[in-house]
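Colleague: Same order as they appear, the protein sequences are chains A and B.
Quick note: the first sequence, position 51, residue 51 per the numbering used here, numbers continuous.
Remember, the numbering used here sits 550 above the position in the second sequence when you count from 1.
It is worth saying that the hints were derived from the structure and are not from the lab.
These figures come from a predicted structure and were not determined experimentally.
Where is the CB? At the ideal position from N, CA and C, for every residue including glycine.
Treat the hints with care, as some may be off.
What the hints assert, rightly or not - Chain A stretches covered by chain B per the calculated footprint, using a threshold of three residues with CB under 8 Å from any CB of chain B:
id, region
1, 340 to 354
2, 448 to 461
Claimed, not checked - Calculated pairs, DSS-like style, for lysine-lysine (alpha carbon to alpha carbon, straight line, at most 30 Å):
id, chain 1, residue 1, chain 2, residue 2
3, B, K579, A, K466
4, B, K753, B, K1289
5, B, K1213, B, K1160
6, B, K579, B, K753
7, B, K582, A, K466
8, B, K753, A, K466
9, B, K582, B, K753
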Amino acid sequence: MFSQQLLLTIFLPLMGAAAVLFVAPLGKGGARLVALATTLLTLWCAAQLALNFPAAGTTTEDFAGTDVAWISQVAGTGIDIRWSVGLDGLGVWMFGLSALLFVTAVLVSWESIEERAPLFYAMLLLLEFGCLGVFTARDIILFYIFFELTLIPLFFLIGIWGSEDRRYAASKFFLFTLAGSLLTFLGLLAIVIWDYQQNGQTAFRFSIAELTQSLAQHPLPLNLQTLVFVALFAGFAIKVPLFPLHTWLPLAHVQAPAAGSVILAGILLKIGVYGFVRFSLPMLPEATALATPWILWLSAAGIVYGALVALAQSDLKKLIAYSSVSHLGYCMLGLFALNPLGVQGSILQMVNHGISTGGLFAVVGMIYERYHTRQISELGGLARRAPWMAFFMVLFTFSSIGVPGLNGFAGEFLILLGMFQRAWVESPAGWGPQFLAIAVLAVSGVVLGAWYMLWLVQRVFFGPLKEPHAAGEHHAPIGDLSFREIAALAPLALFVFWIGLRPEDFLSRMRPTLESARQPAAAMLVQPPDALPVAGPQVADSSEAPARVR
Amino acid sequence: MNDRITFCLTIIPALPLLAAVVVAVLGPKLLKAYSHVPVVLALAGACVASLVLVGEVSREQSSVAVRQAGQGFEQVVTYWTWAAVPDALAAPTEAAAPTESGASAATSADAKPRTFRIDISLRADALTAMMLGMVTFVATLVAIFAAGYMHGDRSYWRFFATVGLFVFSMTMLVSVSNFLLLFVFWEAVGVCSYLLIGFWYEKPEAAAAGKKAFLVNRVGDFAFTLAMFLIWCTYGTLNYHDTLATGATDPEAVQRAVVDPGSGELVAGVLGQSRIAAGNYVAGGLATAICLLLLLGACGKSAQFPLHVWLPDAMEGPTPVSALIHAATMVTAGVYMIARCTPLFAVSPEAQLTVACVGGFTALLAGLIALTQFDLKRVLAYSTISQLGYMFLALGAGSMLGITGGMYHLFTHAFFKALLFLGAGSVMHAMGGVIDMRQFGGLRRLMPWTHATFLVGCLALSGIFPLAGFWSKDVILASVHDKVHAFDHELEHRHTPHALHDPAHPAPESSAEAKPSPLASLTDGQLAAYSKIYNVLYWASVFTAFLTALYTFRALCLTFYGEERIPAQAGHHAHESPPLMVAPLVALAIASAVVGVLCIGTLNNWGTNKLTTYLEGAPSLAAGAITATKVPAEFHLAVAGVGTVAALAGLILGLYLYLGDRKEARFLQQMFDLQGVDRLTDPQWVVGLERVWWIGLVTRFLRRNYLGWLVTAIGYVLGVLSLILAIPLLVGQFVSPYKLSLHKFYFDELYNAAIVWPLRLAASVCYWIDRWIVDGLVNLVGAIPPAVGSVMRNLQMGLVQFYALAMMLGALILVAARMIWAAG
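Turn these sequences into a full structure, and let the hints steer you where they fit.
Modeller: This is the structure we're talking about:
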């Protein structure tokens, strides 16, 4: 298999980064033009791929896949690391979302980045390379390389171009995610080694598809599965971030430049959920089933807790950051409802959250660019000064709080319906009342979500005009959005309506992939634990292991 | 398929949407002060289409085929698929425990895994047609009025764009054929309401009122969402109409599947013809739960207790908005929804009782509050809440008479309440934006047209013969009155052997007999209790009729009678409104006067007035349990008499108190404010007791016999007792009936104290926990490695960067190596 189209799309940003550094002597103007051209070209290529993606989804083979031997038979140890990339129903949307949001990221940085602009755009494009790679990689090593590659540019973006407390935020973000991802890597390696032992293969295999298949035939024993699950969980749950591992997020958001926030909220958080769908669910179904109640409780807690903390914020960015904690709670909730409605809603909601929260952070960046403040109390009545900005803010707010007809509703509704159904008719024995409590708690989060977001809009955009005194001294009179800024937000608005009105266009393409990822774990969930199939040679091991939660 | 219906159904929402888009795009730069033109034209077009639709539906209903089938008429038009998730639900719970009666028709398909299929589909039936006609008619007149009222506003175009969007959403709300889409437009009208309440967003009150309306509605939506989830889990579909498992939308194929249940293709809609015909509804606690959650959702949108607090604040919006959204159309969505879900409610007498209680209580509560408000628009807002309460009460009666009565009142109320609001808007326009009735008065000479039309509206609202309100209110009273007897009848029926019972009447139709009455599930004690509760509700609603007339005429007198007073804000140009605004007032006044009479047929068979006959054609009301509870209804002269007497009493009292110098009104106010009760709390009266001759005789006798201490002791005891008794009176001064009414029974304060502030406190606590405990633990963990490896500590930052660099270089080298290798 070899597809130039996808390879070209992935490598375009890397080439763009090199080109930006090449034109660095021209300063800000040249760098941002090259960056914009690169992201636009990438978006065009990615759009081609997404539009040509089969409407019924992919089942056996990835779309536009490339799979060539990369590092193999190194010194006869039998390692088969492959350069394997491709798009399936899960990856294609995250891939497209990344390509879309980076255009916005470049456009919101257009004026606000003054210092060392070429380096900034090079980092941004490198980050795009990492993001595109991570959602297409079909080889564990390749995935991990891209996974880490997303950390480093963002670390610099926050650490160099961030606000006053940027160093602390950057290192906290970095150490937090790095610590998690190292554990994740160990977990993945354990899977590879198990596969090597079980199959009598001559080589260590790293292909995700092969490993999934192999683990379906020879599942890990339950105790080992739980261990591996915990290891994977460490990295992915921090990335999501799942309550209570979220404290790095508000800090990083507040300190990051606008583009960094857009990408962080819009794309990087999704790698966590993506990891759960890609690895945990299909490879470790029993452990997933065991962990489900706990993760559901954490998600529901995160939904309500994130919303409540958001209600107490006085900083625009922090408020939206905590809203992300709440919204990602919905994604995890839907995912671990483990039924078609929940899982498909969850993945749709990831895309939705990327669009609406990306848009919100972009608008907040535009406010900051004008007033150099993020304090809600210092702002008021901006709708009068900047009606277009108010329009986009209200639109993304409505999208974020799940107003029907817009994208947020489609995902949220499917998730909540899925969760409720899991609680009401499909709950594993004995868990019914608890699951129902989780479902109702999650639905109540919708009310809180509307509260803090509308409160924000009311305070900042409505009421009598209020602007910080410092503004206007350094700047010309503050105006409405420029054409560039509208161009940054309009594509997101398009998707807000598109997904809201025709979610089936998106759902049908992701469905087959998600179904195959979900089914093994879902089957485990509803079975009584004693009837868990005992597989593999370690019969004695796993039958001794019923020291389980349930 | 009737193509004319399809066409009308499509263009009724499409025209307002198109107009909204046109105004939004062209308004700011091109149309400017002509922004109303596309919207008014589109609404007028939609209105014509709606009237055509009403006629077509009527024609279809009377066609032979529909009559023979004994079902209602519906036509569903499907556009595109919103979502279709296959194998979403293994089997609905209803299939696991099929009800006896419905085992045949629906369960065969229920056993298969269900697809979560939501089609964008619209339906035409009697309920929809009636709502569409009312909505588009009122909207057209309000838009014409608004063209005058909003003239010169800075955001003229924004107003009309949002109004267009609202009418689109509202017409969609009443014509969608699916619970999820109902919810979509349920929220969409809420969003439009939010945008229009906060239209003058510079006013902090307006921005806050918009947010409050949205949030209170969200609480209702929370319940609505859960109800939808339960419906999905129970019935395995969210569609009203019957669909096919394959997803095909050809109506003839659906019809074939209905006729041939064995094919297993049919997915019986929640309110589908096949399900209603089979009476295949889950009863018991689950049904009650679904209905109560739906009710709470309806309470949010229709501003019923306990979620009524948002509507009065919503009066911050422009007055045409109050007339259109917060009186005539959006707030009636809850009534429409419950009427639509009649088959669901019919199986749960408990839920129906709750609906009736909520309605009756809200009607009374809002009527009491309206008595003391000084803001003309708020009086009307509370009046709206009260009248919506009437509609809920009628729906709660649950009989055919009650449900059509609720819809009938919804219909007539839309006209006279829109009229009253537009009249208030006309006053506000002339008074320079002042709406406090203490600041103006005696406007009848200044604004003769407004006065005359407002008077018609007041009479209609009070329910004076023969205006619209009289007829619809009478049906409501009659339905509750009959309901009381229905329980007594059932009780009597139970204790009479069947053979002996009812020798005069022939046996009821077989279809009706096959279905057990929903009341059968109630015990005798419950039946008696229900009968009593409905009786109380009946008299409460009669009293509310009295209150309605009283507060209505109070507002009329305060505004239009007495000496002429004009506030300073009005300037020197206080005048009657321009013809553009008066014309809609006149049109609505005529409508308010005649729509009631137009709907009635003959008096001796009250239950078959024209509107009822029309609505019976809607599938939700056509067959099944609902017609089984139909009581042969006549024009109750007694009920009409009681209602009219109550209304006239209120009217006369209102005129007596507020015409002239109003000193009686002031006296009544002081009395209900418990002013002067502090004089009763003085214990000195004990001393005065001795002046009563026989007490004096006794005390003198006691004192003479050296028992003076006893007299003193008794005196002290009485004094202390009176002090204790005085405490409630003193407290009563602060929460006197008058003050309770004036401060709206302190619901806002109560909710703030019980919900808003605790949540805000919880938010602060959570944030504190987040900063100091959750993050503190993280930092603690983070502090361990440096503490252990003090050597590494100094290198930490450098190490990270080195690591980063190494990662990147490594990755690049690997890529480069592979490329060179491949090339070679």
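Colleague: Under the criterion that the straight-line Cα-Cα distance not exceed 30 Å, is the pair K579 of chain B, K753 of chain B satisfied?
Modeller: holds, 25 Å
Colleague: For the pair we were handed, K753 of chain B and K1289 of chain B, check the Cα-Cα distance against 30 Å.
Modeller: holds, 27 Å
Colleague: Are there three or more residues in the region 448 to 461 of chain A whose C-beta lies closer than 8 Å to some C-beta of chain B?
Modeller: n = 7 at 8 Å, threshold three: holds.
Colleague: Is the straight-line distance between the alpha-carbon of K579 of chain B and that of K466 of chain A 30 Å or less?
Modeller: Roughly 27 Å between the alpha carbons, so the hint for K579 of chain B and K466 of chain A holds.
Colleague: If you look at each residue in the region 340 to 354 of chain A, do at least three have a Cβ nearer than 8 Å to any Cβ of chain B?
Modeller: Per the Cβ count (3), the hint holds.
Colleague: Given the hint that K582 of chain B pairs with K753 of chain B, test it: the Cα-Cα distance must not exceed 30 Å.
Modeller: holds, 23 Å
Colleague: What's the verdict on K753 of chain B and K466 of chain A, does the C-alpha distance respect the 30 Å limit or exceed it?
Modeller: Status holds; Cα separation ~13 Å.
Colleague: Take the C-alpha atoms of K582 of chain B and K466 of chain A, compute the straight-line distance between them, and say whether it is at most 30 Å.
Modeller: At roughly 28 Å apart (the allowed maximum being 30 Å), K466 of chain A and K582 of chain B satisfy the hint.
Colleague: Check whether the Cα positions of K1213 of chain B and K1160 of chain B lie no farther apart than 30 Å.
Modeller: Distance ~47 Å between K1213 of chain B and K1160 of chain B Cα, so the pair is violated.
The structure fails to meet hint 5 from the earlier list, while all remaining hints are met.
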